[in-house]
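Asks: Heads up: the sequence shown begins at 78 in our numbering, then just goes up one per residue.
Rather than coming from a laboratory, the hints here were simulated on the basis of the structure. Ideal Cβ positions, reconstructed from N, Cα and C, are used throughout, including at glycine. Only true hints are included.
Across the chosen pairs, the derived CB separations fall in these ranges:
| no. | residue 1 | residue 2 | range |
| --- | --- | --- | --- |
| 1 | THR95 | LEU127 | 42 to 48 Å |
| 2 | ASN87 | TYR128 | 57 to 63 Å |
| 3 | ILE148 | TYR128 | 28 to 34 Å |
| 4 | LEU117 | ASN87 | 40 to 46 Å |
| 5 | ILE130 | PHE94 | 48 to 54 Å |
| 6 | LEU113 | TYR140 | 38 to 44 Å |
Taking lysine to any residue and the SDA-like style, the derived pairs with C-alpha atoms no more than 20 Å apart in a straight line are:
| no. | residue 1 | residue 2 |
| --- | --- | --- |
| 7 | LYS139 | LYS151 |
| 8 | LYS151 | PHE141 |
| 9 | LYS146 | LEU134 |
| 10 | LYS125 | CYS136 |
| 11 | LYS125 | TYR135 |
| 12 | LYS139 | LEU127 |
| 13 | LYS151 | TYR140 |
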Amino acid sequence: DRTNLNNVLNTISHYFFTYQNQWLNLGLLIIILLFLPHLLYLIDFLFKCLYHILRFLYCLGKYFLLLLKKIFKKGK
Numbered sequence: 078d079r080t081n082l083n084n085v086l087n088t089i090s091h092y093f094f095t096y097q098n099q100w101l102n103l104g105l106l107i108i109i110l111l112f113l114p115h116l117l118y119l120i121d122f123l124f125k126c127l128y129h130i131l132r133f134l135y136c137l138g139k140y141f142l143l144l145l146k147k148i149f150k151k152g153k
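Whole structure, please, built from the sequences with the hints as guidance.
Replies: Here is the structure:
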């Protein structure tokens with residue numbers, strides 16, 4: 078009788094732990110899904126920043142080349 082009760086308790090604890098694990102996984106999944114848009118916006122923002130920095134450097138380079146051309150034209 079004692080072993081039977083022990084088996085019942087074991088099965089209950091086993092099911093409890095597996096379901097607890099499932100709830101934990103569900104919670105983690107929900108947290109990840111909630112943070113996913115923020116993560117994507119962050120990545121998007123970083124790429125936009127990088128794009129604007131590179132564009133600024135490109136424009137600066139073009140401006141300096143024009144300036145150098147003007148200086149050399151004045152020298153002649």
